[in-house]
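J.: Sequence:
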Amino acid sequence: MSDSTNEFSQTNFAAQLSKLILNDLNNTSNRSSLTIKYTKEQIMKFLDNPEQSEKQLRDLSDYLFKVSSNYKRLVQYFSGMLRFDYVVEPYNLDVSKVSKDAFQKQYLENIHLLEKMNLPHEFTKILRHAFKEDVFYGYEYMEKESYFIQKLDPNYCKISSIEDGVFNYAFDFSFFKNVREVKNYPEEFQIKYTLYKKDASKYRWQELDSDNTICFKVNEELNFPLPPFTQVFEAIYDIDENKRMRRIKTKMDNYMILTQRIPLNEKDGEANKFLIDLDTAIAFHNKASESLPEEVGLITSPMEIDAIKLERKNNDYDNVAEAERNYYNAAGVSQLLFNGASATSSSLSKSIVTDEQIVFMCLQQFERWVNRKLKQIGKGKYKFRVRFLETTRLNVDGVRDSLLKAAQYGMPVKSALASTMGLTPSSLVSMAYLENELLGLPDKLIPLSSAHTLSGKDGAGAPTKSDDEISESGEKTRETDGNIRE
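Positions 1 to 486 (this note's numbering) are the ones given, in order, by the sequence shown.
By construction, these hints were calculated from the structure, which means they are not laboratory data.
Among these hints, one or two may not hold up.
Taking lysine to any residue pairs in the SDA-like style, the calculated list, with each CA pair at most 20 Å apart, reads [to be verified]:
| hint | residue 1 | residue 2 |
| --- | --- | --- |
| 1 | K151 | Y38 |
| 2 | K151 | H112 |
| 3 | K66 | L108 |
What follows is a list of derived Cβ distance ranges for each label pair [unchecked claim]:
| hint | residue 1 | residue 2 | range |
| --- | --- | --- | --- |
| 4 | T39 | Y203 | 37 to 43 Å |
| 5 | K444 | R393 | 31 to 37 Å |
| 6 | Q357 | K125 | 21 to 27 Å |
| 7 | R387 | S146 | 39 to 45 Å |
| 8 | N219 | E188 | 24 to 30 Å |
Just so it is clear, CB atoms sit at the ideal spot from N, CA and C, and this is done for glycine as well.
Build the full structure now, drawing on both the sequences and the hints.
T.: Written out as C-alpha cells, the structure reads:
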C-alpha cells in the first residue's frame, strides 16, 4: 500500500472525526443566552463599582428580567406580594365638635378620590419596575373619572429632594429633541422646556412639581440607584453556564462512534498493506456516513469494528441544581417557593415572613406618599389619612382571622376587616347601602349554620389549626392521616 494510503488512514480520518465531533457539539449546544450581550467579567466589573455603573446595572437587570425565568419570577414574587388593602381614618378629631353632615361629606370625597386612583393596580406596577431598577419615577395624569401614572425614563431623572418624608425628583429636559415631542406631555413639561431652550446649561435639570409626581425607591438607605437583586446576577450567569454544559454532556451521553475496518493483507506479514485503495475507502466511508443519524460518528480504520458509547456515570453531580441553590441563597428567599423540593409548609411559611418584612418597608413609603397627596388636595376642617394594612397574598387569611377576633370584642375594625375581603372604603359604603337600605338583604337572607351551632359528632373535636400553627411532626401526621382510627 502506498504512503498516501497510510497518511489517509492515520491522519485524514482522525482529523475528520475530530471535525465531526466539534461541529456537532457547536451546532447542537448554542451559546449561553445570557452571554450574548454580557460576559461574566462585565457583570463583575459593574458590581465592583455600582455607583459609577448605575445605567449599566439597570440595563442588565431589565435584560435579565426578559431572558432569565429565575430572575423574572423573583421580581414578580416580591412586586406582586402586597395586596394594598387600606382604610381611611380621621385624625386629630375633636369628637365633641363634629358636624356629622360635613364630616360625612368630606370622608366620602376622600374615599371616592382614592377609589378613582385604583391604588392596588398602580402601586403593583410601580413595584414591578422598582424591584428591577430600584427607583421608579412617575408622573400623574388625573381627570374627572380617570387616573394613571406614567413611567419616565430613569436615565433622565434623579432624586433631588425630600418633602414630608417623600422623594422628589428632577427631570433632564435634554430628553426632548424638539418642540413637537414635548407637546405630547403635560403643560408643566412644556413650560419648563421653554426655559431649557432659553438657557440649556441652567435649566437642563428642573425639579417637577410634587403635586403631580411620585418617586419610589426600594433601597432607601442608598443615595444612588442600585437594583435590589444585584447579588444574584453572578449566580444567574452560573445557572445559565451550567445548563449549557449539561446540554453538552447530555449530547455526549447519546453520542456513538462506529469504527469501519479497512481490510489488510495479513498473510505476507507486511505492515500497513491494505487490500483496497484510498479512493475506494473514501467512497465507502462517505456512503456509510450519509446513512447514519447525526448522533453517530464514523471512523474508517484498519482496526476491528466496535461500538463506542460516550456515557457518564449515573451518579454524576448536577451542577445546575447546585447553581440554582446558590442563586436562591444569594437572593435570600426560600427555593421552595419556586419548585417542588421536599419540605414542610410550616417551615416555608416561616421563611415567607422574612420576605414580607421587605415589602412592608415599601408599603410605608406608599402610605406616606398617599397621605402627602391628601394633604395637598385636602379641603375642609377635618383631616383624613390612609393606613395600609400589612397584608400580603400569603398572610391575608391570618390577618383576617385576627381582625374577626378583635371585632368580637367590639374593636373598631370593621373597615379593616372588609378591606381584607377585597372591599375598598368606597365599595364598602356603597355595598352596605345597597344591601341593607335598598335590597333589605339582612331581613331576607337566613344566616348559615356555623360549627358553634352543631352538636354531637358533627361538631366534635378541636378546630383545625392552620399550617403555620403546627409543628413539622404534626404536619406529617396530617398528611398521612395518622390520627384517623378505623
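J.: Run every hint past the structure and note whether it holds.
T.: Taking the hints in turn, this is what the structure says about them:
Restraint check for K151 and Y38: not satisfied, since their Cα atoms lie roughly 26 Å apart, outside the 20 Å limit. At roughly 24 Å between alpha-carbon atoms, K151 and H112 are farther apart than 20 Å, so this suggested pair is violated. A C-alpha spacing of about 43 Å is found between K66 and L108, which places the hinted pair above 20 Å, so the restraint is violated. Judged by the Cβ atoms, the range 37 to 43 Å given for T39 and Y203 holds: they are separated by roughly 40 Å.
Roughly 34 Å separates the CB atoms of K444 and R393, a value that falls within the hinted 31 to 37 Å. Checked against the given bound of 21 to 27 Å, the beta carbons of Q357 and K125, roughly 22 Å apart, stay inside it. In this structure, R387 and S146 break the distance hint of 39 to 45 Å, their C-beta atoms being roughly 26 Å apart. At roughly 28 Å, the beta carbons of N219 and E188 sit within the given window of 24 to 30 Å.
The structure fails to meet hints 1, 2, 3 and 7 from the earlier list, while all remaining hints are met.
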